[in-house]
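Chain residues, written in single-letter form:
2 protein chains.
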Amino acid sequence: MNHMEISRPIEIRNAPIKDRFWSRYQELVRNTVLPYQWEVLNDRMPDAAPSHAVQNFRIAAGLEEGSFYGEVFQDSDLAKWLEAASYCLEGKANPELENIMDNVIDIIVKAQQDDGYLDTYFTAGRRDKEWTNLYECHEMYCAGHMMEAAAAYYKATGKRKLLDAMCRCASHIAGQFGEDEGKKRGYPGHQEIELALVKLYEATGTEEYLKLASFFLEERGKEPNYFLEEWETTRRKRTFKTDMPTEAPNLFYNQSHKAVYGQDSAVGHAVRAMYMYTAMSDVARIEGNEEMYRACRRLWEDVTNRQMYITGAVGSTPTGEAFTFAYDLPNETAYAETCASIGLIFFAHRMQRMDMDGVYGDVMERALYNVVLGAMSGDGKQFLYVNPLEIWPEASEKNPQRSHVKPVRQKWFGCACCPPNIARLLASLGQYIYSWAGKYGCVGKPFADNREDMLYIHLYIAGEGTIETERGKYKVEQEGNYPWEEEIRLTIHEVPGEKAGIALRIPGWCRSAAVERNGQPAFYRMEKGYAYLEKGVKAGDEIRLTLSMPVELIQANPKVRADAGKAAIQRGPVIYCLEQEDNGENLSALRLDAGGRMEVVYNKLAFSAALFEQIPVVVAKGFRTAEDGWEGSLYRPYVPQEKEVEIKAIPYFLWGNRKPGEMLVWVRV
Amino acid sequence: MNHMEISRPIEIRNAPIKDRFWSRYQELVRNTVLPYQWEVLNDRMPDAAPSHAVQNFRIAAGLEEGSFYGEVFQDSDLAKWLEAASYCLEGKANPELENIMDNVIDIIVKAQQDDGYLDTYFTAGRRDKEWTNLYECHEMYCAGHMMEAAAAYYKATGKRKLLDAMCRCASHIAGQFGEDEGKKRGYPGHQEIELALVKLYEATGTEEYLKLASFFLEERGKEPNYFLEEWETTRRKRTFKTDMPTEAPNLFYNQSHKAVYGQDSAVGHAVRAMYMYTAMSDVARIEGNEEMYRACRRLWEDVTNRQMYITGAVGSTPTGEAFTFAYDLPNETAYAETCASIGLIFFAHRMQRMDMDGVYGDVMERALYNVVLGAMSGDGKQFLYVNPLEIWPEASEKNPQRSHVKPVRQKWFGCACCPPNIARLLASLGQYIYSWAGKYGCVGKPFADNREDMLYIHLYIAGEGTIETERGKYKVEQEGNYPWEEEIRLTIHEVPGEKAGIALRIPGWCRSAAVERNGQPAFYRMEKGYAYLEKGVKAGDEIRLTLSMPVELIQANPKVRADAGKAAIQRGPVIYCLEQEDNGENLSALRLDAGGRMEVVYNKLAFSAALFEQIPVVVAKGFRTAEDGWEGSLYRPYVPQEKEVEIKAIPYFLWGNRKPGEMLVWVRV
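The listed protein sequences derive, respectively, from chains A and B.
Each residue of the first sequence is one higher than the one before, counting from 1 in the working numbering.
Each residue of the second sequence is one higher than the one before, counting from 670 in the working numbering.
Okay, chain A solo, but in the shape it has when bound:
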């Protein structure tokens, strides 16, 4: 264990989920989302946007005549699906699925060129142009996603065919890029391969891949800037014209405006940023690079303390799907891409391995229970690319500034990055629940106390956990109905020795937590968001954690202009929203009574029946501005005219599952 790695996550297979909330989502992914997406990738889904992804590989493999169709990054859709399916396989054997995967892996490997190159857009008659347009062409991005798929499939099945192919591909790329003379000093236009190379390194132990990941990060943004040179030497001349508009590079857009060490605020395309920060955290940890860690920490703070929506969404503008600047979080025009929040979860997950602070779990939870779940319809067949904080359907239709905000989920997208990204995250959820500690504390400093082999519980998801530490293993069982219910029960079946200890994350939203051990209030010490039960946890112990979950009104930092005078409703990690269906038209006319009662009522909502029998709905006292007497006029002297109303809020992640209508997260108080 490196001196900066203070905790290690566990394998998906070692954390089977048996949870009232999550098991259904897991089944949905397994039984609906993956089969549905497979049909889409094979263009067998009549109403969905065409994909052509599998066919592109068949054509590249010489199995079929035809032309490439789709975005330059179309290959990655299949890769992400393979990765998601691998996580499902790891969680639960499925020979039929494995067979489908083996068949498509055969095609992929056939499509690979003799030298290791793999990209169906370029093999379709453009190989002479390979690596000449890194800014736009996503070659490394696609390769990266396939590397992730290969590592996941290998881990799930032990089969090396795709892994070996992607190792060849990685070696091919390492032959093209690097510091050695004759190699290009370029790096990807869309970051992704960096974190994928780390996975390949972890799966194979081959240092070359880690070195290449590190090179891409270290080289990025150095002067003279590669993308500016590429623009002058190649792209500007349009010798190779893609479908994308040929524009001079925007270095902020893909975070190549300065060396990564000098970056301290999140800028540009949010998904690119998240994938890069994730890789930076990986490399910092593995290489013990403290300067890189400090850059990660600065970026983490900027993202989560200054540029993150309350739902865990990031990206304040559709222009470049990008970050803007501190405290600029407009609700009506938020971009808030699903993939960016998934990337944020990756980033949090990596940071957690170096710094045992509850904030990482808090942000993971925020993004997971709100954006990621909200991005998929209750039936697993429709998705959101943009996760709005506010919907006015007429504005989405008629105001071009808001046309990116869709009031209904879509079946698929021409740029279909988000649906398979959701699938791979949900299928791999097990790995985020537990981790175990090494002997060091935050960034190289040994813990004051000895917490070696401590078991951490980050997420409250019922099921079993088998955690192998250096001295032996923990076996624990988690029960509960989080995030709906307050109580979590842990049964300890096995511990690795006398010094066994357990640390429970006390979520940042929780203002009153109780921990009992075998029916008695437990001794514990709070540190950075974790309750440490350090005194010899034993097999047979029963730990009961109660996280008090009142409905709360949350306010934003007053610097967030868009949320001034407003509050959001939250219960546990779940953000609530108002929908027109429950509250009538014009949600902006509603005002919450800050001092008024707010109750939780369990409702059976028809649309969510497939997932939940009962939903905790919040009913709150509020007021509605009277609309009488306006008769077509726009302005008149201010006379407050409100009537008391009951405001009903549902969990944000369930919005848009009924008739399309208005939706609102931030409500006036």
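Honestly, the hints are just simulated from the structure, not real lab data.
Please note that a few of the clues may not be correct.
Unchecked claim - With a straight-line Cα cutoff of 27 Å, these simulated BS3-like cross-link-like pairs (lysine-lysine) come out:
#1 B/1290 <-> A/559
#2 B/1080 <-> A/398
#3 A/621 <-> B/852
#4 A/398 <-> B/891
#5 B/1067 <-> A/258
#6 A/559 <-> B/1168
#7 B/1144 <-> A/398
#8 A/406 <-> B/1067
#9 B/1197 <-> A/643
#10 A/129 <-> A/110
#11 B/1075 <-> A/559
#12 B/1197 <-> B/1144
#13 B/852 <-> B/880
#14 A/643 <-> B/1228
#15 B/824 <-> B/880
#16 B/1317 <-> B/1328
#17 B/1080 <-> B/1050
#18 B/1067 <-> A/222
#19 B/1228 <-> A/648
#20 A/406 <-> B/1228
#21 B/1144 <-> B/687
#22 B/1317 <-> A/559
#23 B/687 <-> B/824
#24 B/1228 <-> A/659
#25 A/559 <-> B/1328
#26 A/159 <-> A/92
#27 A/398 <-> B/927
#28 B/1075 <-> A/398
#29 B/1144 <-> B/1168
#30 A/559 <-> B/1067
#31 B/906 <-> A/237
#32 B/1312 <-> A/621
Only a predicted model underlies this, so the values are computations on that prediction, with no experimental measurement involved.
Given chain A, work out where chain B should sit, using these hints.
Same frame as chain A, now just chain B:
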């Protein structure tokens, strides 16, 4: 007088302005704005964006070698300047200015082609392409503006050179377009020539011009659509490529999506819409076309009752500089172009001639005292294209959704439509003050009472008015210090006979007006926003009108989502705003106390010294959200923490004359 013309405006020369508020603006236009813009048009202003407008005419006239430079509508900048200068001349002789104008008119007339065609973009080697791209190329727009200039110069000086040239041009166009066989059934991509042809008709009496204006309006939007045909036959083939992106026509953009009679909501480019509605009102009046009038009235109601900002600005989105839909009035991203509000004043002015309702004067005032004045800096040398309701300078810089909103006025624009438009409006202000009534009431219905030859006073601007009616003339003198002070004094020097009557507009914002005649409360009857003094007004009468001007909080229709829970400060016709300079950073943290005191304090503000000795500043009780204890966090449970503060508001039209900073019109209450 046509049966639909119920009132006629008067000549600029007959309403000399001697007003403490406006005389300085008039002088500013005369002594600074016009000379400054003349330098810009001649490219002698080093820091301003290049214009080349005069040079384009010199090149077209064969007086100089060179190429056309600028937008396809560059000619119109010079035309608008000539029109503005003509109004100045009409108001006050200026031989030096007249000499400059004669010289440039000589160049313009030399630049005209033998057949009457005039457009320096096309005469610069593109004459074979004339009239082939009406959608984009602004030929008729430029011709229209020069016709307006010609009519204005003729009216001011009696000189016919430019007028005759533009009559030849109009006849040339009439030879190209119309219902007769062999003529094109096209109409302009940017409406303007329609209203200009009406002016040419009014200056010359030539029916052909009116007929052509009417044809352009009647033909617009008919099926098969001219622009769709032009797209298929010419534009799509790119035989003639302009600098503009070649896109399929957006028929909503230039209001050709349906026949004008069927239009009932304002859509598309706001300036195009306003110029078209103005021309529609002209044609409805002159032709006695009631169906056209009803269309105008529907459009008027949609614009002013559903799509107008409180400042009199219109245009809710920068995409297409356009209207969006009813009640969609976002503050942060408003487009609110200066020219659109000027167009709205034209539209109101024309509607007023057919329907004596105070709403037209109200809207005129709203646009004039807020947008038009606000669009020009106190020194007359810097201008706004977009008139924001809210400024956060960092967002203008870093959030692309708000990049069109400039926190400081600009010296000139590449697309320089707005500065000369302001000049021509301010220089012609006299014509908006008075009008006199014919014998008919609203749209063809005779007045129940006989109000023939009634004198109307629409705007309260001090000075003299000589109004020639059919039976004789009125001579009145107006005194006061509107909009700062409540009292207006009218001295009647001459009346046309025993039945003389005066109608005073009681502004819509005024909730308590008092009218005295010779020191006694006057007898008057209110009708649609006017106080009618019908009983034999006599020479020597002194009328004192007191318009009570308390500071008021104004609310928006609750359907305007963007203004929910907010109010604007208004006093008289003047909308107020908060600036960072007076209220500190983060104006969104401020809340007005709806029941609290609001006082007017006269302040000497350094920046406005050139225009005003004292400015009525509003001081109000309010609260500011405390920013303590947030230390880099974004969200926390809602606990109202406010401290009482004094909120200071200045007239909106004076915003941005100090250090750049935040600005806000709609404040939380």
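### Message
For each hint given before, does the structure comply? Return the numbers of the non-compliant ones in rising order.
### Response
Violated hints (numbers, rising): 2, 3, 6, 7, 9; every other hint is consistent with the structure.
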